[in-house]
Amino acid sequence: MAYRDEQLSEEKVFKDPVHRYVHVRDRVVWDLIATPEFQRLRRIKQLGTTNLTFHGAEHSRFNHSLGVYEIVRRIINNFQDRSHWNKEERLLCLCAALLHDLGHGPFSHSFEKVFKLDHEYFTQQIIVGDTNINKVLEQVSPGFSRDVADVIAKTYKDKLVVSLISSQIDADRMDYLQRDAYFTGVSYGHFDMERILRVMRPIEDQVVIKSTGMHAVEDYIMSRYQMYWQVYFHPVTRSAEVILSKILQRAKVLFEAEDFTFKLEPKHFLSFFNEDVKLEDYLKLDDTIVFYYFQQWQDEKDEILRDLCARFMNRHLFKYVEYAPNQPIDKWMELSRLFVEAGIDPEYYLVLDSSSDLPYDFYRPGEEGERLPINLLMPDGEIKELSRQSDIVEAISGKRRTDHKLYFPKDRIEALTDERIKQRMKEILYN
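Reminder that position 324 of the sequence shown reads as 527 in our numbering, one-by-one numbering, no gaps.
The reader is advised that the hints may include incorrect statements.
[As the list claims (entries may be wrong)] Below, in silico cross-link-like pairs of lysine-lysine (PhoX-like), each with a Cα-Cα straight-line distance of 25 Å or less:
{"no.": "1", "residue 1": "Lys319", "residue 2": "Lys608"}
{"no.": "2", "residue 1": "Lys534", "residue 2": "Lys522"}
{"no.": "3", "residue 1": "Lys319", "residue 2": "Lys455"}
{"no.": "4", "residue 1": "Lys248", "residue 2": "Lys455"}
{"no.": "5", "residue 1": "Lys487", "residue 2": "Lys470"}
{"no.": "6", "residue 1": "Lys455", "residue 2": "Lys504"}
{"no.": "7", "residue 1": "Lys487", "residue 2": "Lys455"}
{"no.": "8", "residue 1": "Lys357", "residue 2": "Lys613"}
{"no.": "9", "residue 1": "Lys248", "residue 2": "Lys316"}
{"no.": "10", "residue 1": "Lys338", "residue 2": "Lys357"}
{"no.": "11", "residue 1": "Lys629", "residue 2": "Lys613"}
{"no.": "12", "residue 1": "Lys466", "residue 2": "Lys455"}
{"no.": "13", "residue 1": "Lys319", "residue 2": "Lys481"}
{"no.": "14", "residue 1": "Lys587", "residue 2": "Lys316"}
{"no.": "15", "residue 1": "Lys613", "residue 2": "Lys602"}
{"no.": "16", "residue 1": "Lys215", "residue 2": "Lys316"}
{"no.": "17", "residue 1": "Lys470", "residue 2": "Lys481"}
{"no.": "18", "residue 1": "Lys587", "residue 2": "Lys362"}
{"no.": "19", "residue 1": "Lys466", "residue 2": "Lys487"}
{"no.": "20", "residue 1": "Lys602", "residue 2": "Lys587"}
{"no.": "21", "residue 1": "Lys413", "residue 2": "Lys362"}
{"no.": "22", "residue 1": "Lys481", "residue 2": "Lys504"}
{"no.": "23", "residue 1": "Lys534", "residue 2": "Lys455"}
{"no.": "24", "residue 1": "Lys215", "residue 2": "Lys338"}
Bear in mind the hints are in silico, worked out from the structure with no lab data behind them. From a predicted model like this one, the values you see are computed outputs, not experimental measurements.
Taking the hints into account, I'd like the entire structure generated from these sequences.
Take a look at the structure:
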């Protein structure tokens, strides 16, 4: 029997709090899960610093990847006897679903910003490079790894396959909304996924939703909207991300300084500091390694690095105030000068952070980051875009919401002995 068709002697299952069970019967999928590159995802939190706000958010990229695989497996089972679905793409879809987040590193958002990285690039490199993942995929057929990489990169020729992994209603979103809601303990991310899966239909190069399932999709979109603003963009989580980014920034500055030597050589970070990250180095870095260095850096000679690490490790986070982008620049400049005068480096202790989300959008051809719409299959066979039928979705379509906050160490300001500087800082911050 060809390797691509080989089945396990008995079905393997992973007990899962969201989907009850994740079912594996394909030998290829089972072998992929067993690779070191996939097992590494156990050591990378799905939500980065969110556990400092919602203490239950300790789940991993491994959990999520299995969840996305399971949703795609169920979708494909529903598609098997329908026209427009190519049964030969089944294994490709399952592998792409399982491996779609393979390139995420620890605290991806902060790492990518500071070190100018792209987790999607590393996902591609792990799949097509000299890795155990690649060896498994190439056993299926020569070039199969490239096909998997293309699906994840959204460049694969069969756009129906791509849409299962990446669209405005895909398996990725359907898993992380429910999983993140479960582990954070909030109620916002719940929606009737079973109903959505039942009304999904393959039509040429896209998945459409039967019009009878429109209300379930409305609920899904509103769940996503609430999760972004109540969980993913929570201001306390963003405070922790700000500190994390500043730790990495400070460590890089110290590494480049000729007059500074770390007590403990940060060998796991060297290629990141040198902006020459090899795949081998990238795969060695996970949450446990980062936490080890942060723990050690609390005893470093540099006061800023020492303080920032202590804040992060002990959840002594920055406070924040709302910030209006149209605020006069002279106030910002004055505040920065006051921080310098008080001996508080504004580069690390006065940080403007912005969050932005577009909950749903219809198709805008030619625009950067254009999104394919969610389409409804009407009883007469006509295809209609969701926001044209749903008043709820129309109300939020194309409306980008942006939030700006200014983060600072309130304790450092309160500890100032110069009352003039302290009071002026408070006037600018709180008025």
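Go through the numbered hints given earlier and state which of them the structure violates, listing their numbers in rising order.
-> Violated hints (numbers, rising): 8, 14, 15, 16, 22 and 23; every other hint is consistent with the structure.
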